[in-house]
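Undergrad: Single-letter residue listing:
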Amino acid sequence: MTDLTWIDTALKSARPQAVAALLRYFRGDLDRAEEAFQEACLRALQNWPGKGPPRDPAAWLIFVGRNSGVDDARRSLKHVALPEDDSLTDGGDVQDDMAERLDGAQYRDDILRLLFICCHPDLPNTQQIALALRIVSGLTVAEIASAFLVSESAMEQRITRAKRRIGEAEIAFATPGAAERVERLGVVAAMLYLLFNEGYSASGGDALIRQPLCAEAIRLARLLLRLFPSEPEIMGLTALMLLQHARAGARLDADGQIILLDDQDRSRWDADLIQEGLALLDKAVRHAKPGPMQVQAAIAALHARAAQAEDTDWAQIVQLYTTLERMQPSPVIALNRAVAVSKADSPEAALDLIEPLGPALANYFYFFGVKGALLQQLGRNEDARVAFDRAIALARTPAEAAHIRQHLDKLSKTA
Amino acid sequence: MLYAILCYNDEAAVEAWPKAKDDAVIAKRRTVTDKLAAKGQLGPILRLMNTTAATTVRYGAEPVVIDGPFAETKEQLLGLYVIDVASLDEAVDIARGMAGKNGDGGSGAFEIRPLRAFIPDTEKRETMIS
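Protein chains in written order, with UniProt numbering: chain A, 1 to 415; chain B, 1 to 130.
There's no promise every hint is true.
[As the list claims (entries may be wrong)] Calculated cross-link-like contacts (lysine-lysine; reagent style DSSO-like; alpha-carbon spacing at most 27 Å):
(1) Lys343(A) / Lys410(A)
(2) Lys51(A) / Lys21(B)
(3) Lys12(A) / Lys35(B)
Hints were generated in silico from the structure; no laboratory data involved. Small disclaimer: the values here were computed from a predicted structure and weren't measured.
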């Protein structure tokens, strides 16, 4: 049997460009663009094994997809047969012509427009991510459903609803201007980080099954970076995800239990990903245009640079969280800063900082986990137990609940 | 005579490889390079990070620093230096110093690409490099 995985890889990497261009061609009709791409992929599977890959797979897929989409429309009107495959694929000149017209700028605007559509502000976050995974990444509805722990029919409905909403919203198909582009890029970056986080700290189920989501988010961030090589926040976003994803192999033990950052075996962190993340952050910082993604990446970098947990520069991390909070005030960031303060200063100081966050984070698992741990360090075991009980009630995954239970076990032993 | 074999491929496609596939490719390459190393015919192997990690310093009296890889098709790859420095700033300064020396209005650039891997694979490497 011949190895055809190269075709899968080529189709996957050409997908964002091809679907984005087809979407423009079909005036924003997501379903038609998707069908045309599917059709083009089928043709590719028939043609490429014999003829070898075309010089520009994305251009080939756009050309074939466009024709098949037009044919579909024509066929439904006049019942005209599809042309022979050869007439579609023998045109070497046509392919060159396509490739020439699809220069970088065109790809860039098409992909951005596609991502922007998926990030439409009318859609809730979960729908934005689901739509991006379906349309941009090409995951099947079944794959997305299993990542979000919902039934396939529920996910199908969610995606259909998202598409309908977008159809009704009549999104402008004009090329975004410079200011607009910066704004859209921020929205897209935030969506990619949401996607990454969905994989990194699963909002339900077994954390292990989400790693492909992290990898996909990184792939899309690298794609954005290729399209916008001088955007420090996109460098920061990519660096942040690489530095966090580098820890994947050390985050869970053999039984699937969470291992905290302090206790992770750092030799199991992925050195390649860390190096790439640090290099990108280094590059971003040279622009002297700090943003929230860069600051978060800088925090992840300080962890990555510490060979052992004791070497962590907590004072610097407190400073970075202070900067981050100023840029992006949020109780979750304040909570993270408090954790850093507990390391750099004392658990008392940290406890003072988190008390006012209680009302805002009344349903947040980590808040009670952190609060319990701080109280435990201060020897206030009864108060710690109350906080941990609340955390267990809010745990979204068995691993989270089991982790808190370990704390409770320790309390029982010391009591 | 020393020869360099330069690796070219579609970065977007290579990036989409799962880790297992990447490992498999490296393992397959080793069936060739291990034999070379045994015969003392293998120099250092460099693996570059993605072009998105690249920074370019263009020649000139005031060398210009830009993001991204080298992109002028009228210029060809003529050689490379491997340096070991603590930061990109240092690397840029070094490249700037080199580019400044060519400040005669000529064209050209230094692309700074972080290395993903540096694998000096043979005992004879020092004699080969020097």
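Undergrad: Checked against the structure, which of the hints given earlier come out wrong?
TA: 3
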